[in-house]
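**Q** Just need the whole structure built from these sequences, with the hints factored in.
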Amino acid sequence: MKAFLTLLKSEHLEHRGGQLWTPVILGGLIIILLIAGMLHEGSMIISLASDNSEVTIRTVEDAHRVLRDEIGEEKIGPVLQGLAFASSYFGIAILMIVAAVVSYFQMVGSMHNERADRSVLFWKSMPVSDIEVTLAKFVSATFGTILLAGVIGVAVSAIGIIVHSISGPLGSTPEWGVIIHPSVIASTLTLGFSLAVFYVLWAAPVYAWILLASAWAPRSPLLYVAVPPVAIGILELLTTREGSWLWREIGSRVSGSMLRYDGTVGNAHHTAGSLSRALMQPVSEMVVQAAASPRFWLGLVLAALFIWGASEIRRRRIA
Amino acid sequence: MIVQANGLAKRYGQVEALKPTTFSIPPGRIVGIIGPNGAGKSTLVNALLGLISHEGQLEVLGRRPLEQRASLMHDVSYIADVATLPRWIKVKDLLNVVEGIHPRFNRQMAEERLARTNVRPNARVRELSKGMIVQLHLSIALSIDARLLVLDEPTLGLDLINRRAFYDAILSDFFDETRSIIVTTHQVEEIEHVLTHVMMIRQGEVVLDASLDELSERFAAVDVPDARRAEAEALKPVYSRRAIGRTSYVYDAAPRDRLEALGEPRRVSLADLFVATVQPKGEVA
Numbered sequence: 143m144k145a146f147l148t149l150l151k152s153e154h155l156e157h158r159g160g161q162l163w164t165p166v167i168l169g170g171l172i173i174i175l176l177i178a179g180m181l182h183e184g185s186m187i188i189s190l191a192s193d194n195s196e197v198t199i200r201t202v203e204d205a206h207r208v209l210r211d212e213i214g215e216e217k218i219g220p221v222l223q224g225l226a227f228a229s230s231y232f233g234i235a236i237l238m239i240v241a242a243v244v245s246y247f248q249m250v251g252s253m254h255n256e257r258a259d260r261s262v263l264f265w266k267s268m269p270v271s272d273i274e275v276t277l278a279k280f281v282s283a284t285f286g287t288i289l290l291a292g293v294i295g296v297a298v299s300a301i302g303i304i305v306h307s308i309s310g311p312l313g314s315t316p317e318w319g320v321i322i323h324p325s326v327i328a329s330t331l332t333l334g335f336s337l338a339v340f341y342v343l344w345a346a347p348v349y350a351w352i353l354l355a356s357a358w359a360p361r362s363p364l365l366y367v368a369v370p371p372v373a374i375g376i377l378e379l380l381t382t383r384e385g386s387w388l389w390r391e392i393g394s395r396v397s398g399s400m401l402r403y404d405g406t407v408g409n410a411h412h413t414a415g416s417l418s419r420a421l422m423q424p425v426s427e428m429v430v431q432a433a434a435s436p437r438f439w440l441g442l443v444l445a446a447l448f449i450w451g452a453s454e455i456r457r458r459r460i461a
Numbered sequence: 058m059i060v061q062a063n064g065l066a067k068r069y070g071q072v073e074a075l076k077p078t079t080f081s082i083p084p085g086r087i088v089g090i091i092g093p094n095g096a097g098k099s100t101l102v103n104a105l106l107g108l109i110s111h112e113g114q115l116e117v118l119g120r121r122p123l124e125q126r127a128s129l130m131h132d133v134s135y136i137a138d139v140a141t142l143p144r145w146i147k148v149k150d151l152l153n154v155v156e157g158i159h160p161r162f163n164r165q166m167a168e169e170r171l172a173r174t175n176v177r178p179n180a181r182v183r184e185l186s187k188g189m190i191v192q193l194h195l196s197i198a199l200s201i202d203a204r205l206l207v208l209d210e211p212t213l214g215l216d217l218i219n220r221r222a223f224y225d226a227i228l229s230d231f232f233d234e235t236r237s238i239i240v241t242t243h244q245v246e247e248i249e250h251v252l253t254h255v256m257m258i259r260q261g262e263v264v265l266d267a268s269l270d271e272l273s274e275r276f277a278a279v280d281v282p283d284a285r286r287a288e289a290e291a292l293k294p295v296y297s298r299r300a301i302g303r304t305s306y307v308y309d310a311a312p313r314d315r316l317e318a319l320g321e322p323r324r325v326s327l328a329d330l331f332v333a334t335v336q337p338k339g340e341v342a
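Taken in order, these protein sequences are the chains called A and B. Just so we're aligned, residue 143 is where the first sequence starts under the working numbering, counting upward by one. Just so we're aligned, residue 58 is where the second sequence starts under the working numbering, counting upward by one.
One or more of the hints may lead you astray.
[Said to hold, decoys possible] Residues from chain A shown here face chain B by an in silico Cβ test under 7 Å; the list is partial:
id	residue
1	Leu155
2	Asp193
3	Ser195
4	Leu263
5	Pro269
[As the list claims (entries may be wrong)] The list that follows gives simulated cross-link-like pairs (lysine-lysine, PhoX-like), each with its CA atoms no further than 20 Å apart:
id	chain 1	residue 1	chain 2	residue 2
6	B	Lys187	B	Lys147
7	B	Lys147	A	Lys151
8	B	Lys149	A	Lys151
9	B	Lys187	B	Lys149
10	A	Lys144	B	Lys149
Keep in mind the hints are simulated off the structure, nothing from the lab. Computed from a prediction, not measured in an experiment: that's the story for all the values here. Idealized CB from N, CA, C, for every residue including glycine.
**A** Listed below in structure tokens is the structure:
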């Protein structure tokens, strides 16, 4: 276990640019945008209030009062709540989505780079098996990259929330209080974590295929990753009328179409308790959906076979 | 037994990189594998290290290298080629990684070794000179408590002083009667005094496998004046080298008294033996 963790750490050191600096720099930008966005949010609220009232509005506080008086707590609550939710947590989502893109690129080079720079001859002098190394590369590129970006996203959100609470246009509203309630924060983090995990599990056969191609490729791994599925897809297009099943399958797994997240935030007025439950709802839905889906399990079996194949290729291949 | 090979062979398509070879290496030996480029030295070494598939039977420290490489590497330390350390890593991170992976790695020993070099702990491998990379790799390889040390052209890129220091370090810090060392090299003169045994390879075939003591008993060289060349060649030398007015002949198992009649027999240097043994047949004078 210690060796495996060290391998993960080593993978991280090798891919620091993608795993750490990309989300950190992006996170910095998000914080800047968030602060700039508070002005925008303020003007949005003011214009929303102006459109619905004859009263002259000078400040955000005026706007809040007018909105609640004129439109009513029931109608404006969900809107403000959606706004507060988005400005609190959207950093996590953006960083994880970018990390998902990064993860594919890391996987393309994962098994190939060590052969290209001959360092495989050094790594093979260490007492770790090929399957351990291969698994470490798979886990690092997928869970490592996406979850690390998620952790940085949480830090970005924490900074954003603090800034908002001090001086944001929503910082003093009851909606804001609901969004930063501990149970809502916990549910949001659980949902984010589950989305990352289920994204990787559903996309696992695609990731593992890339790993296998990277292990096999004598040169330019991207070519070896792309050519077989493109060729099979074209063959399907030529021989069937339904288009390419393979391309649809890859597309739906890579795009995360099986993922669930709560759509009621911003549409219904929530208390902290109901919002927390609403956020947890999709987590259990994803578990149930995946557990009952042969497609999910077949994908995992295929992924396991590809990873094993990549490991067996590595055993025999040093150049 | 450290290495036990029975009919060990490797074929790349039609090319026989290593012809069926049977040999064993018990503990307490320093074996030099000597041969020209492309002779099959690296193929042999790579098979021992579980880096490539092979034909025939092969056991290293009681394990089949290709199938049990991870377990084997607990007891084997090697440098398979120059500049194989990952170039992106920092020296201190590399030590951390090896420490985390290898239970027999003595970090303190490696750091002490490195302290005697110009390698800075904060440098990245890609910033180091070729010689420094070799020193770093050796510092790691020699700080692993292994029973077999395999070095493929270990001193490439080192200057003379460091090469000497390197072989001294192997003898004083690593080698003892429970361990063995396998070295491949071109620098034949340099390792002659270090080796206990020699394997010479030519075109995938082991043409000589003997201890240095056996070699000095079997082979002898005599300098013969031109007037007595016919006499000297009648004794079937395996190698000859002409100089002005005389010729040096190398003999394999020629009768001592007849050699003494020709001149003064002397020990054959490994370099001469190397040339004599590995040059293609038919060119032998």
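**Q** The structure should be examined with respect to each hint, and the outcome stated for every one.
**A** Evaluation of the provided hints:
Checking Leu155(A) against chain B by beta carbon gives a least distance of about 6 Å; that is within 7 Å, so the hint holds. Among the interface hints, the one on Asp193(A) is violated; its C-beta lies about 56 Å from the nearest C-beta in chain B, farther than the 7 Å criterion. Checking Ser195(A) against chain B by beta carbon gives a least distance of about 61 Å; that is not within 7 Å, so the hint is violated. The beta carbon of Leu263(A) is positioned within 7 Å of a beta carbon in chain B (closest approach about 4 Å), and the interface hint is therefore held.
At about 4 Å, the closest approach between the beta carbon of Pro269(A) and any beta carbon in chain B falls short of 7 Å, and the interface hint on this residue holds. Distance check on the hinted pair: Lys187(B) and Lys147(B) sit about 15 Å apart at the alpha-carbon level, within 20 Å; holds. For the suggested pair Lys147(B) and Lys151(A), the alpha carbons sit about 13 Å apart, so the restraint of at most 20 Å is met. Note on Lys149(B) and Lys151(A): the hinted pairing holds, with a Cα-Cα distance of about 13 Å set against a maximum of 20 Å.
For the hint pairing Lys187(B) with Lys149(B), the CA-to-CA distance comes to about 18 Å; that is within 20 Å, so the pair holds. At roughly 18 Å between alpha-carbon atoms, Lys144(A) and Lys149(B) fall within 20 Å of each other, so this suggested pair holds.
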